[in-house]
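Undergrad: Single-letter residue listing:
There are 2 protein chains.
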Amino acid sequence: MAARTAVPAGAAGNRTDGDERRRRILGAARRLFSERGYSDVATTEIAAEAGVARGLINHYFGTKRDLYVEVVREMVRFRSQPVPEYVDGATPEARLDESIDRWLEMVARNREAWLAAIGAEGLGHDPEIAAVLDAAREEATSRLIQVLGLGPAADAPPELHAVLRAYGGMAEAATREWLERDRWSREQVAAFLKAALPELVGTAYEAIPEQRADNEHQTAAEPQGDRR
Amino acid sequence: MAARTAVPAGAAGNRTDGDERRRRILGAARRLFSERGYSDVATTEIAAEAGVARGLINHYFGTKRDLYVEVVREMVRFRSQPVPEYVDGATPEARLDESIDRWLEMVARNREAWLAAIGAEGLGHDPEIAAVLDAAREEATSRLIQVLGLGPAADAPPELHAVLRAYGGMAEAATREWLERDRWSREQVAAFLKAALPELVGTAYEAIPEQRADNEHQTAAEPQGDRR
DNA sequence: GACATGGTTGGCAGGCTGCCAAGATTCGCT
DNA sequence: AGCGAATCTTGGCAGCCTGCCAACCATGTC
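Chain order of the listed sequences is A and B. Sequential numbering of the first sequence, starting at 1364, is according to the numbering used here. Sequential numbering of the second sequence, starting at 1364, is according to the numbering used here.
No lab work stands behind these hints, which were simulated from the structure alone. Careful, some of the hints might be misleading.
Identical copies carry no separate label here, and so any pair may be met within one copy or between two of them.
No more than 20 Å apart at the CA atoms, straight line, and that leaves these computed lysine to aspartate or glutamate pairs for EDC-like [as the list claims (entries may be wrong)]:
no.	residue 1	residue 2
1	1427	1460
2	1427	1502
3	1427	1403
4	1427	1382
5	1557	1460
6	1557	1573
7	1427	1461
8	1427	1464
9	1557	1569
10	1427	1545
11	1557	1461
12	1557	1464
A quick note: this is a predicted structure, and the numbers were derived from the prediction, not measured.
Given these sequences and hints, build the entire structure.
TA: Next up, the structure:
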């Protein structure tokens, strides 16, 4: 008499188009993870919101963390979406202005998603999450190098990459000050970011000294790029 | 005959100095949370590492999240520690240089703790965590205003706060490029940060237009959005 | 129409967290 | 010193959550 495994009653009555289910789960997960934290959201909720059985989550995505990684990856995708083709403009300044305007426009449209994406940073030190976010930032940096007309990103010295990554961090913080704290307006952020970059890649970048041969702190070896 | 609750055998045989236990738990939690993520660390581990019973965690700190908040609060404390007294120096530039050097020195000393603290950003959207980190950044910003000799922070316009918060975000990103990716050296970060701030509070800050009476950005719907 | 294939479900085992009652220990008061 | 109160400390219990698995059921193929 059914020793331990009860018979699953009415099992699969609804089968939708392949990954229609998959998208449903991803959407529900994105929604829930956006408004609440990772560990506050139970897979049971996600399954209920998506209208599927909980076990299906493990079937499509592996574990709960894998699902989260997928959500973050999807959230980050739109960052590279809106500026795929080259921004045309005569001078680098014009192209930069256009890029910043597009960036702010995109952020304004996807306010919640963007805040959630950069807020998702944590989850402790998940290497996959970190890799996804890092790749997105790195791509933005490379695109910025191209926009500025500084040649292919691969040829740029590491110091320039570092400066532009730092600029990216500043842009994120500045955007947060606009979206979350309302300390200045969109026009003000835009004006500040547009004016800041030339100063940074100009004066501040020139102030960086040559890398000495010996460096006291090392995680790995340093290829030593010749800059400028 | 003891209906449901078994008698706790040898209960409290060791009672150490009041909050000695508390500190032990905090230390173990800090260590474990630093190397692994929040949800990867079980309170059982923390208790084992601290050498206490698991229930004691709930006695001293409330829930696991409360303990985490306390850990982050402690990690962030050292940020305000090393520069409490006024930095003396003739010119604002000299004081700024000194502040940046101290900042980098502190980060270099507490590399792991600092990376963990800013990496702890996430945990979803915990309001307490966000508040703790935000308070630390805000304090750093206010101190920076004083260092620059721009008068009391309370009197500064919100745009200046925003600019300095953005600068703080840049400093964090630049530091990460140094500590995690090794794209430049400590001297280079220092030189860049020292050269960047005058440019930002000078030229870029001046480029910010006056705030219009109506501001277009609202949390919810999009009133009109006139873009340039 | 029978069979293979893969989507879908419910349930089970293990682990983890919050809470609680019960000893143990220290302290204050008379 | 003796006694009671307050607090520290422990182990265990109930509930929830996650990963996994066997079984059920649609769909496609021959």
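Undergrad: Between the shortest in-copy and the shortest cross-copy C-alpha distance, which are at most 20 Å for residue 1557 and residue 1569: within, between, both, or neither?
TA: Both, since 19 Å and 12 Å are each at most 20 Å.
Undergrad: Between copies, within a copy, both or neither: which fits residue 1557 and residue 1464 at Cα up to 20 Å?
TA: Intra 9 Å, inter 28 Å, cutoff 20 Å: intra-copy only.
Undergrad: How do residue 1427 and residue 1461 come out at 20 Å by Cα distance, when the copy is not named: within, between, both, or neither?
TA: neither (39 Å within a copy, 47 Å between copies)
Undergrad: When Cα atoms must be at most 20 Å apart, do residue 1557 and residue 1573 count as within-copy, between-copy, both, or neither?
TA: This pair counts as between: shortest inter-copy Cα distance 16 Å, intra-copy 27 Å.
Undergrad: Measure nothing new, just compare the shortest in-copy and cross-copy C-alpha distances for residue 1427 and residue 1403 to 20 Å and report within, between, both or neither.
TA: both (12 Å within a copy, 12 Å between copies)
Undergrad: Check residue 1557 against residue 1460 for me: Cα-Cα at most 20 Å, and say if that holds within a copy, between copies, both or neither.
TA: The answer is within: 6 Å in one copy meets 20 Å, while 26 Å across copies does not.
Undergrad: Checking residue 1427 and residue 1460: alpha-carbon separation at most 20 Å within a copy, between copies, both or neither?
TA: Neither: 41 Å inside a chain and 46 Å across chains, both beyond 20 Å.
Undergrad: Treating 20 Å as the Cα threshold, decide for residue 1427 and residue 1502: within, between, both or neither.
TA: neither (27 Å within a copy, 37 Å between copies)
Undergrad: Indicate which option fits the pair residue 1427, residue 1545 if close means a Cα-Cα distance not exceeding 20 Å: within, between, both or neither.
TA: neither (35 Å within a copy, 33 Å between copies)
Undergrad: Please sort residue 1427 with residue 1464 into within, between, both or neither, judging by C-alpha distance up to 20 Å.
TA: neither (36 Å within a copy, 43 Å between copies)
Undergrad: With identical chains, the pair residue 1427 and residue 1382 could be close in the same copy or across copies; at 20 Å between alpha carbons, which is it: within, between, both, or neither?
TA: Within one copy, since 18 Å is at most 20 Å while 37 Å is not.
Undergrad: Pop the pair residue 1557 and residue 1461 into one bin, within, between, both or neither, using alpha-carbon distances up to 20 Å.
TA: Classified as within: same-chain Cα gap 10 Å, cross-chain 29 Å, threshold 20 Å.
When held up to the earlier numbered hints, the structure conflicts with 1, 2, 7, 8, 10 and fits the remainder.
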